[in-house]
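Protein sequence lines, in the order shown, are assigned to chains U and R.
Here the first sequence is numbered in my numbering, starting from 1279 and rising by one per residue.
Here the second sequence is numbered in my numbering, starting from 776 and rising by one per residue.
Worth flagging that the hints you see were computed from the coordinates, not collected in a lab.
Be careful, since some hints might not be right.
[What the hints assert, rightly or not] Quick list of simulated restraints, FRET-style, between CB atoms:
| hint | chain 1 | residue 1 | chain 2 | residue 2 | range |
| --- | --- | --- | --- | --- | --- |
| 1 | U | N1726 | R | R1106 | 53 to 63 Å |
| 2 | U | D2060 | R | K1085 | 13 to 23 Å |
| 3 | U | K1865 | R | E932 | 26 to 36 Å |
| 4 | U | P1409 | R | D1055 | 19 to 29 Å |
[Stated by the list, open to error] Cut-off 20 Å, straight-line C-alpha distance, at most; resulting in silico cross-link-like pairs (DMTMM-like, lysine to aspartate or glutamate):
| hint | chain 1 | residue 1 | chain 2 | residue 2 |
| --- | --- | --- | --- | --- |
| 5 | U | K1314 | U | D1304 |
| 6 | R | K1041 | U | D1958 |
| 7 | U | K1462 | U | D1339 |
| 8 | U | K2001 | U | D1974 |
| 9 | U | K1865 | U | D1882 |
| 10 | U | K2035 | U | D1958 |
| 11 | U | K2057 | R | E876 |
| 12 | R | K834 | R | E876 |
| 13 | U | K1496 | U | E1614 |
| 14 | R | K1041 | U | E2010 |
| 15 | U | K1896 | R | E876 |
| 16 | U | K2035 | U | D2007 |
| 17 | R | K1076 | U | D2007 |
| 18 | U | K1865 | R | D990 |
[Claimed, not checked] Derived, one-sided and incomplete: chain U residues facing chain R with beta-carbon distance under 8 Å:
| hint | residue |
| --- | --- |
| 19 | D1546 |
| 20 | V1771 |
| 21 | N1775 |
| 22 | A1777 |
| 23 | S1861 |
| 24 | Q1899 |
| 25 | T2018 |
These numbers come from a predicted model, not from an experiment.
From the three backbone atoms N, C-alpha and C, an ideal C-beta is built for every residue, glycine too.
As a plain string of letters, each chain reads:
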Amino acid sequence: MTKKRKRQDDFQKVKLRVGKRKAKPDNTTNVNFRTKAIHITEQLKTDQSLPATHRKLNIKDLLSQMHHYSAGVKQSALSGLKELLTQHSFVLQTHLSSILSEVTAVFTDKDPPVRSAAIRLLQSLAVRIPPKHIAPFFPLVSAHLSSAMTHITEAIQEDALNVLDILLEHYPELLTSCSSVLLKNFVELISHQRYSKTLKTPGWILSVNPDRKYSSQKWRLSVLTRLCKFLQALVDQQPTAGQNCRAQADTLEIDERKSSASQISPLDITWEEHSFGTEGIQLFENSGSQPNVKSCFQLRTSLGLVTVAEEGLTSAESLKSFIQTLIPILFECWIEACPEDRTGTTPGNLLEPDCILLLYHVLSIICLLRQLATTQNLFPNMESWFRGNYLNDFKNRFMKYFPYSEVEIAKHRNKGVKRDKSASGSLAGVDTLSLNLMVCRVMVPMTNSALVQQDSVWLSPIRMFVTQNLSCDSKLNTKELTGLLQVVWRLAVTQRNKAVTEELLRAVQLQYQQRSLIMPIRILLLRFFRALYLLEKEANPQIAKSKVLSRWLAKLPLQLAQLGPRNAQLSAHLIEIIHAAASRANKELLQGLQAQICHLYDPDDGAFVLLPHECQQKLVQLLYFLPSLPCELLSCLSHCCNGGRFLASLAASLIRIVHIRSSFVAWVNYNQEVAVSDADYFSFLFSCLTGFAAEDLNMLQRSSDVYQTQLSPIFLYLTDVEKFMHHWDVAEEVCLCLATISSRTQCLDILQNAICKNLANLQVIPDSTAAAVLHAVSKLLDLAYIPSEVLLRFLANCCCSVLLLMLEESDSEEQGQKREAMWGACLEALSSIPRVLRLMLQSLRVTEACQEVIPVVARMIRLLLQHTQLRNHMLANSALLQQIIQEIMRCRSGDSREQWFAELQYCFSVFISGQSRGTSATQEMY
Amino acid sequence: MSAPMEVVVCTDSASQQLNCAVYDLHSGTNLLSYRGGSTSAHCLAILNGEYLLGAQLGKNFINVWEIQRKDQLQQKIICPGVVTCLTASPNGLYLLAGIVESIYVWEVSSGKLLALLSRHYQDVTCIRFTDDSSHFISGGKDNLALVWSLNSVLQTEPTRNPEPRHVWTRHSLPVTDIHCGLMGPQARVATASLDQTVKLWEISSGELLLSVLFDVGIMSVTSDPCEHYLFCGGSDGNIFQVTLCSQGIQRDETFQADREGNQVFKGHRNLVTCLSVSMDGSLLLSGSHDETVNLWDIQSKQCLQTMNHKGPVTNAFIMPAPANMFYPDSRPSISLPLFSRHLNPSDPGEGGLAEGVNLRLGLNTQGMEDSYLDKAEELLTLMSAATNKNVFGDGEHTRMRVAELEDEVRTLKKVNKELYEFAAQILTKPN
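Starting from the given sequences, assemble the full structure and let the hints guide the process.
The structure is reproduced here in structure tokens:
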């Protein structure tokens, strides 16, 4: 029964009817609700104390999100950090430690987007954090970096290289300080250790990993590129103590010389600054004008993690072992890219572009390793060690198919390949030329002057390659040319064979002679020759005797003359070389210079007057070294001095240099060769003193722009103040030179003759000339010498005219200096030569003068009376004076109450009374 | 009158009779004059305080006087060419001469030509030693100043050319004068040049420290012993004083204006070719081509004395008076050998001599004291001598002495034995 009931219950029929809803079972879940996810994109609370991102997340939130399990959160936190730090950089200062520890931790994150976000963040951080600030955290950074580099996942390794790139760009010196770990990582990235029973030491062989995204060759290339960069940074970091050995080892240290010179900054002062006390001199021990605060002592190691035993490449042994590890791997790379024996049609020297890049990096790593060893000066026999161990390998591998060239990939029209090629080529700027050049740079230092005979077999293709490249017409860029020149340099210095050296130099010469070279290249070539020339005496006789070099030197003055003012920079370089060679008394150069000298110093369009001041100075100094200063040159020079196209100080030093080369100065010994004949020298000095050429003076005679009065015996041509002062400075220098000549009377004789012949018969004279002549004569004249009547009359005329001019002219501010000089010159002449005064007073013919002039004459006499220096001389001429005053009184018209006359009368009366008192005093004394 | 401490030594180029005159520094009285020939610039040297050497003007020989025999020319050293400068090392062991473009290094004791340095491209104008004779500096008309280490010059192999320690190329016209300060290899060197600059260098690092640009070419340079001031003789006759150690104290404006003119010694009318400062740094001596030698007080910049000469002054310097100078009876400790003119004398006759090493110590090092080890040994022998002599004298004496001692031992033993027996008796005596 129960069974039946049960059945009924279980199988009760559910009646379903059309139009009626199906009854819901009891256990159904109501799915009528709808869900919505809550995205908290930004926080509600705004904590004003800390800056936040646009999601209102502050730094603490972001940092805590970095520990989130979800990759998305981490990624967004990283990008948030980036945003925050770019906008509020002060956050960086305060949270640097935590930020760095979080960011570096995700270098090894397993999700690629997180890593790439971290790299982007690092990129933006590196710009903002100076190396000084990141230094304490750098052990942490480098530890994470090296853990990423050695990570088991390939993708992480690849990203680690990007991190390395960033760090290398911004913190090279910090990164190189932990070189020991990183270098090992590099090796491990492309190879694995091979343990074999036969070999004692574990060797390394290249590893091939088929799982990688890239082909293994590409992977190797990217690792080698980084290694290359890293080593370059390491070489750049070398302490400057190695500078000396670098100068010997490295070949062409043209650009480095300047940097090494700047190690100590010398103090440059001029005498004016010093004497006016504006600049005190403070010198420090071993460091010139700035105290040297650089210290090589360190209180703790910058890398806490690195044990002391595991030092980088700073010791000879570690470097040696590193080289021994790396070079076999590099060889393997080389062989893989460029198989030894090729079967088929392609010859061995044809390479694909990717191979070229790889090979280039292999070679440059070898090159850098060698540089590293030589700069650190670790083991002195480095070169021979290299030679002994690797010469044969290098010869077999690198030189076998030298020079290399690119294979024509005409078959592959595939677009992808093409783009790839152009990308790789343009990226590194590597083509076959630079590859071949690198081969040269690796191979050439292997030889030295003693062994050059043995090595001629493999040196000759290198030589041929270099010669061809230099002498062909193709345009080389600066980098290529630098490389080529370095190779040439090394070859030229080591070679003892004259013919070979000449051939190399001729190739460089050919390159130099090309017409349209751009400026940097021209200068590079100039520097090459210059360095070669300066080395001459130390290095080897072949270079000293080289015809190419001497011919090049001899042509320099011509080039300078032809260049003119077109390119001041190039001219400066040329002048520098000419100066150096002239100071070494190089015969060829001096001959060339002597031939061109008048063109160079031409007063109108010579290089001398047109170039900037520094070059002019050098050119003036160059005059000292000339074997002889011919007459034409001296006339050019005096024109230059008078022309006023350079500073008066420079003109003064020019005169002084000519003076030193004359026979009147022998500063060292007395039999020195005299460059200037005495007659030429005097005419040079005199034309400088005159300040105007003879033609100019003749021109002036017809000029209308002159000052004249009825009374003035000579007409004065007015020069402007600037020219006057220039002339005045020159004249002073001439006076000094004349004053040092030992036989004064003869010197005066010559001067007198010159003045009488050239100036005394002129009607118009420039005022500057008049002042200069007055100054010179009064300075030189001594009592023993009796000047001729003509000279005295000329001087008196000059004095009279100049005085009248000054009194007539308006008293303007800018004329002050000029007036002072002219007044001084006149007074000097009048007081030192009494007869000039007398002659001047005699020549004042007041009676013939018109009315306007008389007040001026009166003022002049009054001024002379008032001057104490002239007092005695005036006393001697008192009778004459009285007569003049009477004449003035007679001539003046009309009113006697005019002020100038009253003043004159007063002065004269004071003067006369003083005279009587003076005479009475003297009478009393007797 | 006691002999003066410091003397002034001057030469000029004109007078034929009187070559070199010696004055007392303070009184200015003429003490001595050496006759014969005339000396060219930078060519007067005192060797070891015993000889005066001066290269003849325009000729290829060097006049030598013993310093106490003023009237007699002792010797003429014939040189391969005209001597342009001459100097002797302060320790008196080496003589250096610049002959045209080369520097000759002679050993004074043997007269051998030790080295021939030809790194200059034109005439050498001036050579100066450091005070410890370890380095010398040469300046030339080719604008170069070279610093040589004497030891490395002497030790380079004959096949190789010696290299200078530093090459200073910053001058652009001939170097006219060089001054070398004290302190041996740590000294500072001032070079003057026609390019209107004076440059101060450091020997140890070879770096340029200071360059002062003047208005005129500088013909001579010197500094006081403390190197407070640098004195530069210009080609216009002025002597410029450069203060090397400014304390940086700001002085009053008026005082500065006052001071401005005070830094120039004015008085000469032509090139100032030689300058020298006395030992105490208070007096400055200057010689000029205007044929006068002036003595200045540095503090006040006043000219104290003027000594007139008959021609342009070529050499003038102050030096401590050598001991021999005023004792006519004294003799030089060494006689000068013949100076050889070639680098490697290939005379077969000299072969035997050339084998050995010629050792000639300087005056100060000649009477060298014994080392401490020698002294200690000496003391030991001295101390032990007394006993040794007593105990182990000559054979006869020893035997007697031994017998005596043996006797004494015997008696002592006897006494000892008696004492023992006596004591034993007392102790063992039963009572």
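Quick rundown of the hints versus the structure:
1. N1726(U) to R1106(R): 53 to 63 Å: holds (56 Å)
2. D2060(U) to K1085(R): 13 to 23 Å: Given a distance of about 19 Å, which is inside 13 to 23 Å, the answer is holds.
3. K1865(U) to E932(R): 26 to 36 Å: Because 31 Å falls inside the window, the suggested range holds.
4. P1409(U) to D1055(R): 19 to 29 Å: violated (53 Å)
5. K1314(U) to D1304(U): Not OK: K1314(U) and D1304(U) at ~27 Å, beyond 20 Å, violated.
6. K1041(R) to D1958(U): violated (31 Å)
7. K1462(U) to D1339(U): violated (38 Å)
8. K2001(U) to D1974(U): holds (15 Å)
9. K1865(U) to D1882(U): violated (28 Å)
10. K2035(U) to D1958(U): Cα-Cα ~16 Å, so holds.
11. K2057(U) to E876(R): violated (41 Å)
12. K834(R) to E876(R): holds (16 Å)
13. K1496(U) to E1614(U): Holds - the C-alpha atoms of E1614(U) and K1496(U) are around 12 Å apart, at most 20 Å.
14. K1041(R) to E2010(U): holds (17 Å)
15. K1896(U) to E876(R): violated (24 Å)
16. K2035(U) to D2007(U): violated (24 Å)
17. K1076(R) to D2007(U): violated (27 Å)
18. K1865(U) to D990(R): violated (31 Å)
19. D1546: Hint holds; D1546(U) Cβ to chain R Cβ min 5 Å, cut 8 Å.
20. V1771: violated (16 Å)
21. N1775: The hint is violated - N1775(U) has no Cβ within 8 Å of chain R, the shortest such distance being about 20 Å.
22. A1777: violated (25 Å)
23. S1861: Since chain R brings a Cβ to about 5 Å from S1861(U), closer than 8 Å, the hint holds.
24. Q1899: holds (5 Å)
25. T2018: Status holds, d = 5 Å.
In this structure, the hints that do not hold are numbers 4, 5, 6, 7, 9, 11, 15, 16, 17, 18, 20, 21 and 22, in rising order.
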